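Starting from the two chains in their separate frames, assemble the complex, guided by the hints.
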Amino acid sequence: MLLEHLAGNLIQGLVLGAIYGMATMGLSLIFGVLKVVNVGHGAFIMVGAFITLWIFNALGLNPIFSIPIAFAVGLGLGLIFYSLAIRKLLKAPELSTLLATFAIGILLEELVKLIFGSEFRGYNWVVGKINLGVTVLPVAKLYACIGSIIIALLLYLWFNRTRAGSAVRSVVEDDEGARVCGVNVGGVYALSFAIGIGLTVASGVLVTMFIPVGINPYMGGGYTLKAFVIAVLGGLSSPYGAFFGGLIFGIVENGSYTLFALIPGVEPFALTRFLSFVMLLVILLIRPTGILKAK
Amino acid sequence: MRKTVQRYYPLFPVFAAYFILFLVGKNVSGMWQLVSTLLFYCALGQAFNIFLGMTGYVDFGYVAFMGVGTYGMAIAITRLAHVEALGVLIVAIGFAMALVMAALLSVAVGAVALRLRGAYFAIATIGVNEGFRFLIEGAKIWNGSDGMIFTAQLNQILGRETASALSTFWADVIVLIIAVLAAFVTLFYMKSKIGYALTALREDEDAAVVMGINVTKYKIIAFITSASFAGLVGATSWALKTPYVFPPEVFEIHYTIEAIIIVLLGGAGTLLGPVAGALIYGISKYYLSIFLPGFQLLIFAPIIIIIIILFPEGVIGMLKKSFRDSTLMRFII
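Chains A and B supply the protein sequences, listed in that same order. Counting from 1, one number per residue, gives the positions in the first sequence under this note's numbering. Counting from 1, one number per residue, gives the positions in the second sequence under this note's numbering.
Hint data in this document are derived by calculation from the structure and do not stem from the laboratory. Because the structure is a prediction, the values reported are computed rather than measured. It cannot be assumed that every hint is accurate.
What the hints assert, rightly or not - Within a straight-line C-alpha distance of at most 25 angstroms, the following computed PhoX-like cross-link-like pairs (lysine-lysine) qualify:
hint, chain 1, residue 1, chain 2, residue 2
1, B, K321, B, K3
2, B, K320, A, K91
3, A, K35, A, K113
4, A, K91, B, K321
5, B, K241, B, K285
6, A, K88, B, K320
This is chain B alone, in the form it adopts within the complex (with noise of 0.2 angstroms):
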């Protein structure tokens, strides 16, 4: 019993920040915007660490499943909004379709990229989310270039105060939600063969396959799980805190780039870093876009270099290295 409750010691530091966030966005006047974008960024974060952290493969498409996930949760809006019925059930429904829409698009993707290895994966993910974007726009699919906006919808099924209360206050406590089940199911897989064998394709894709590790399954496994968790984000910041969905914003690569900072910067891998890297990344960016507006990614883009040359393990790997064998890291993986 003690064993098993042990095993899920190094939640506690992940729970305790959301929290105190939590906490802070609630009680101090002002803060709820700051904390809505680091919740924002601690679930991208622990989402995209499932795929990242966990195998060490790069999918420059991420956010594609965001994208859809956005759609899906507008798709559901805008076509059952006349079904009186339904109320607060429609974001429910919203949520299934995101998730399934991310989780059909990763699998699809997944099938031909994950064959592929290292640098020719991330070659074939580079043009995921555009590709995308462009069939959407080419083919004309959910109203292609012109997007979707279902605003007048979302008032009309919930009443104007539930719905501006839905996109001000609840879709970020959703948001903090799905970053707690991201955590969970993270070290969930840590502590499982999923974990283990992903360890062993990390370290060394070859071994790995000679000692009879499946490598492809676990692989898919964690690539879904990822994009599955991006889809309710998507649909959660994105959908239900904007509802609108235009192809070229929903398919930004600029947010990719965001999730491979945090996660890096955090530590690739573990379990606390994706907060840690949001926290840092998320208040940084915040005031630097006070005190110098437009030149984060300026800023941002040396560092990333920086800490790729000098600090390959991130802030919590660093922090692991250091504080080896001592109780505190029994809270920290």
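In isolation and in its complexed conformation, chain A is listed as follows (with noise of 0.2 angstroms):
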């Protein structure tokens, strides 16, 4: 009984571990290159949340055509975030671009709560359930899978296969000598950053699909600290590193939640929210460079 209550929690695990992990390609794609930590992250998730929840109260869309629309807006939000702010603080002591991003992300929370209000939302799109014996998935959660692995697929894709893809792994590599080799480097730190806003906008889009409910202005901070744990476990600069771990972290967050709650006395979903803080300060202290790179 526990045994199939534990599996089917974990395959919950991985169906949320696959959203996390592209709800994290963003911040990691964005340290990568310009060796910023965007600590609003969460904020953009919410922003994603939000244009999901809109468009399907007010056009009656599709959640899943909302994935484009959130990856342009997110798109436009990184490139004006990136001209007014980070691009001046590039060469400023780190403490700067801490506290930019995170006023940012303050910025984005009030601007939504002036337009929405600050109550707790949801919307309900009714797609069935698929029954997998030990557990129950909502094809919804399914969907947003899928969706995350394509999105990391197509990212895996572009930074391979094309040649602004490899411009960005240059810089990622070596920012000197990127320039040396003819580089635009101003050029792939614009793109890169936009592009992170984007996947991180769309993957707003996704954490509704799997929860549609709660959304409100200041969802987004568990979702930066789970992020940076995420994060940091794929070794901070790498945005498939950043997916894998997403996928773990989504199993332990799950399994602990099964095993936490056989304790008496405790509340378990506070206990998982307290253990993934520990991972992080664990991970930190003995792999900053994340468990999957092999030094």
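Next comes the structure, spelled out in structure tokens:
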């Protein structure tokens, strides 16, 4: 009975993990290329969630259509914030970009609160459920999982099969060297920041397909923390590392929930949140390069 | 002798500002509430500046130390309220608890996080307040998510009148004392080996290491000092002023943001900066909340970005630049 329950939760965790992974790729891309930590990461996920909600409620469109729209909005936001703030701070001490991205996150939260209010919202997209024996998986979650995998594959192809992708990879390796070889490093920075934000906003759509309730301007905070744990699991500067980090994190989170629920007198949900914080510290301490890289 | 006195000249403007604040609050009717908030921001800014300003490291989990300090006071009061003989001493025990608990947490966090540099440090601290909150709620430590309310205990041991005087007046005076102490410690650190080592670290950590400076040691000193003051501020401004504690409130990241804004606005790493930042931030927030309620963060977020891009040295940093080498500068660092 317990094993069945655990197996069911692990499958849910794997599906959720794919979404977590996709939701972290933007963070890792931006850190890998610009060496900027986007502390306002969760706020961009929240923007994606509100885009989905608005499109679903106002236009009645299927959330899947929101993915490209959210990506486009993210590209635009990324370019705006890059040219207004980040570009001017690349040479400044780390403190500056940390605080700037933090402030950008607050700005987005407050703007969304101004427009939509701060109450919790949700939408109801009925597409049925699949019974897997050990667990029942809503089709919307399955779509979100497949969507995440497709986006991750597209990013992989863009990175490895296009000219722009190899320019980005060269900057990740060594920006001075790339500049010497004639790569437009400034352009790569702008492009990577925009794509990173685009991916993050798009992931907000997938997150709401998994959990279509609890959408509010401050929902991003929890995702920021999770994204950091996942990014660090994957080595912080590799988007694919982040994707696999997400899978691991989803499994650990759901598996530990099942185990914590066995301990009497505790709140298992709060403890899984605590565990993610402990994981973050432990990994940073013993393997700051991520657990997937073999040195 | 003259040299040692001159060394402490920069404390004059800081203490003058505190003194004027106190007088205004005491003598102008209806101002005490604003003054009490401003004193809280001054103490918070001074305390946070010891770490953020002097090392250049961003601690996003700073509020956790204030939260733990609040719990320290709460635990002392709830557990010892039945010992009638203690009287006002119970508050002193509460402060000791707050100090010890904040210092212990900072040692635990610092031991892990301070091994990491720059961005990695910031990432490690971003979950400290949330992590601690969820540990308290999840493992149901100290009443878990139910929190603690100790108004009755405080009334019982101090008597109703003293307890009310404590929360409406004396708590603010204690915050003022904490702010004064924090300013003093800041200047003491600046003028000692610790300050020089931290300046070297802030400018170029690699070079500082090469010069044989044990940067980790000085970072930890600044971290623990700053965290201990935060614990005291939490114990006073939160536990004594409003005798209850709930995990979501005392681990709210919002207060870390306010501390960051105050320090940056005034000038990170300067002595007078946090005071200037606290006054500008506190007064503008107070009047914004009257004229444009609910819009404070929406207004402050772009302001942070503008400050970082255009005035990274803050108000006092800019003053220092434009009045360099004048006698006035002896009083401002």
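| Indices of hints not satisfied (ascending) | 3
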